[in-house]
Amino acid sequence: SQQGEEDPQALSIQEGENATMNCSYKTSINNLQWYRQNSGRGLVHLILIRSNEREKHSGRLRVTLDTSKKSSSLLITASRAADTASYFCASITQGGSEKLVFGKGMKLTVNP
Amino acid sequence: DGGITQSPKYLFRKEGQNVTLSCEQNLNHDAMYWYRQDPGQGLRLIYYSQIVNDFQKGDIAEGYSVSREKKESFPLTVTSAQKNPTAFYLCASRRRSSTDTQYFGPGTRLTVL
Numbered sequence: 001s002q003q004g005e006e007d008p009q010a011l012s013i014q015e016g017e018n019a020t021m022n023c024s025y026k027t028s029i030n031n032l033q034w035y036r037q038n039s040g041r042g043l044v045h046l047i048l049i050r051s052n053e054r055e056k057h058s059g060r061l062r063v064t065l066d067t068s069k070k071s072s073s074l075l076i077t078a079s080r081a082a083d084t085a086s087y088f089c090a091s092i093t094q095g096g097s098e099k100l101v102f103g104k105g106m107k108l109t110v111n112p
Numbered sequence: 001d002g003g004i005t006q007s008p009k010y011l012f013r014k015e016g017q018n019v020t021l022s023c024e025q026n027l028n029h030d031a032m033y034w035y036r037q038d039p040g041q042g043l044r045l046i047y048y049s050q051i052v053n054d055f056q057k058g059d060i061a062e063g064y065s066v067s068r069e070k071k072e073s074f075p076l077t078v079t080s081a082q083k084n085p086t087a088f089y090l091c092a093s094r095r096r097s098s099t100d101t102q103y104f105g106p107g108t109r110l111t112v113l
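Respectively, the protein sequence lines represent chains A and B.
Residue numbers for the first sequence follow our numbering, beginning at 1 and rising by one.
Residue numbers for the second sequence follow our numbering, beginning at 1 and rising by one.
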């Protein structure tokens, strides 16, 4: 079963613009993580936000978490062509086993 | 150079054959995972192991088998019972803390001819 759903499913922007991706989940979580996947490659961890945190920054990345709405957003500022990839949110449910449950992903294309 | 490796990168199999995908890590991680990814889809969990000589079924374990004889290794066998095995297979590992992230291998693309 998939816990997270990213929105939109695809986004195309110009270099320098900001990209915002949203993730909704169904059950209470311990933490929520964002991963990136370049085409045909493995996933790379970007950032983790705990359930008691509301916002977190890492370089050009900003993640927010709203547990009352069961949603998270990932903002990439000043996007670059190299940011072109698929982005996934993933979460570990509270009280569950140590399994990450992934959303279906969102394809971001940054045009030079 | 620490990390997680998968081999081979591409694998072709005839229908009715079993095939084993390799996953090795030198990160000293306790937990290891196998995921399947179909085009345009997210990752679905096949099997996972939190400790040597122990593993649990994930969401789509039918037609697959695993072993965890060593901490560093978690091979996945795709059996002939798996009806639609063509997919991209990803292996991951992590430490036991729930706040720890997963580290992924580069993946193996399996094609059934």
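No wet-lab data here; the hints were simulated from the structure.
Glycine included, C-beta positions come from ideal geometry on N, C-alpha and C.
Check each hint, because a few of them may be wrong.
As a list, the in silico EDC-like pairs of lysine to aspartate or glutamate whose alpha-carbon atoms are at most 20 Å apart [said to hold, decoys possible]:
1. B:LYS71 to B:ASP54
2. A:LYS26 to B:ASP30
3. A:LYS107 to B:ASP30
4. A:LYS56 to B:ASP100
5. B:LYS83 to B:GLU62
6. B:LYS71 to B:ASP100
7. B:LYS70 to B:ASP30
8. A:LYS99 to A:GLU15
9. B:LYS9 to B:GLU72
10. A:LYS104 to B:GLU15
11. A:LYS104 to B:ASP30
12. A:LYS56 to A:GLU15
13. A:LYS26 to A:ASP83
14. A:LYS69 to B:GLU62
15. A:LYS99 to B:ASP30
16. A:LYS70 to A:GLU15
17. A:LYS107 to B:ASP100
18. A:LYS99 to B:ASP100
19. A:LYS104 to A:GLU17
20. B:LYS83 to B:ASP100
21. B:LYS83 to B:ASP38
22. A:LYS99 to B:GLU15
Going by beta-carbon spacing under 8 Å, a handful of chain A positions derived as facing chain B [to be verified]:
23. LYS26
24. GLN33
25. SER39
26. ARG60
27. PHE102
28. GLY103
29. LYS104
30. VAL110
31. PRO112
Hints versus structure:
Distance restraint check for LYS71 (chain B) and ASP54 (chain B): the Cα-Cα separation of roughly 11 Å lies within the 20 Å cut-off, and the hinted pair is therefore satisfied. At most 20 Å may separate the alpha-carbon atoms for a hinted pair to count; LYS26 (chain A) and ASP30 (chain B) exceed this at roughly 28 Å. The hinted pair formed by LYS107 (chain A) and ASP30 (chain B) fails the criterion: a straight-line CA distance of about 32 Å is larger than 20 Å. This hinted pair checks out: LYS56 (chain A) and ASP100 (chain B) have alpha carbons roughly 16 Å apart, not beyond 20 Å.
Taking the CA atoms of LYS83 (chain B) and GLU62 (chain B), the gap is about 9 Å. The hint holds against a cut of 20 Å. A distance of roughly 18 Å separates the Cα atoms of LYS71 (chain B) and ASP100 (chain B); the hinted pair therefore holds under the 20 Å criterion. For the proposed pair LYS70 (chain B) and ASP30 (chain B), the alpha carbon gap of about 10 Å is at most 20 Å, so the pair holds. Taking the CA atoms of LYS99 (chain A) and GLU15 (chain A), the gap is about 35 Å. The hint is violated against a cut of 20 Å.
Simply put, LYS9 (chain B) and GLU72 (chain B) have alpha-carbon atoms about 19 Å apart, close enough for the 20 Å limit, and the pair holds. For the suggested pair LYS104 (chain A) and GLU15 (chain B), the alpha carbons sit about 28 Å apart, so the restraint of at most 20 Å is broken. Between LYS104 (chain A) and ASP30 (chain B) the alpha-carbon distance is near 27 Å, which puts this suggested pair outside the 20 Å criterion. Taking the CA atoms of LYS56 (chain A) and GLU15 (chain A), the gap is about 23 Å. The hint is violated against a cut of 20 Å.
Distance restraint check for LYS26 (chain A) and ASP83 (chain A): the Cα-Cα separation of roughly 28 Å exceeds the 20 Å cut-off, and the hinted pair is therefore not satisfied. Taking the CA atoms of LYS69 (chain A) and GLU62 (chain B), the gap is about 35 Å. The hint is violated against a cut of 20 Å. Distance restraint check for LYS99 (chain A) and ASP30 (chain B): the Cα-Cα separation of roughly 13 Å lies within the 20 Å cut-off, and the hinted pair is therefore satisfied. Only pairs whose Cα atoms come within 20 Å are accepted, and LYS70 (chain A) paired with GLU15 (chain A) is rejected, the gap being roughly 30 Å.
With a CA separation close to 25 Å, the supplied pair LYS107 (chain A) and ASP100 (chain B) exceeds the 20 Å bound. Of the pairs offered as hints, the one joining LYS99 (chain A) and ASP100 (chain B) holds, with about 11 Å between alpha carbons and a cut-off of 20 Å not exceeded. For the hint linking LYS104 (chain A) to GLU17 (chain A), the alpha-carbon distance of about 24 Å lies beyond 20 Å, and the restraint is violated. At roughly 34 Å between alpha-carbon atoms, LYS83 (chain B) and ASP100 (chain B) are farther apart than 20 Å, so this suggested pair is violated.
For a cut-off of 20 Å, the pair hint linking LYS83 (chain B) to ASP38 (chain B) stands: about 14 Å separates their Cα positions. Between LYS99 (chain A) and GLU15 (chain B) the CA atoms are separated by roughly 31 Å; this puts the pair beyond 20 Å, and the hint is violated. Checking LYS26 (chain A) against chain B: minimum C-beta separation of about 14 Å lies over 8 Å; hint violated. This hint holds: GLN33 (chain A) has a C-beta 6 Å from the nearest C-beta of chain B, less than the 8 Å allowed.
Evaluation of the SER39 (chain A) hint against chain B yields a violated restraint, the C-beta minimum of about 11 Å exceeding 8 Å. The beta carbon of ARG60 (chain A) comes no nearer than 19 Å to any beta carbon in chain B, farther than 8 Å, and the hint placing it at the interface is violated. For PHE102 (chain A), the interface hint holds, since its Cβ comes within 8 Å of a Cβ in chain B; the closest pair sits about 4 Å apart. The beta carbon of GLY103 (chain A) is positioned within 8 Å of a beta carbon in chain B (closest approach about 5 Å), and the interface hint is therefore held.
With a cut of 8 Å, the hint placing LYS104 (chain A) at the interface with chain B holds, because the nearest CB-to-CB distance is about 4 Å. Here the hint on VAL110 (chain A) is broken, as its CB sits about 19 Å from the closest CB of chain B, past 8 Å. Hint status for PRO112 (chain A): violated, given a least beta-carbon distance of 24 Å to chain B, over 8 Å.
Of the numbered hints stated above, those contradicted by the structure are hints 2, 3, 8, 10, 11, 12, 13, 14, 16, 17, 19, 20, 22, 23, 25, 26, 30, 31, listed in ascending order.
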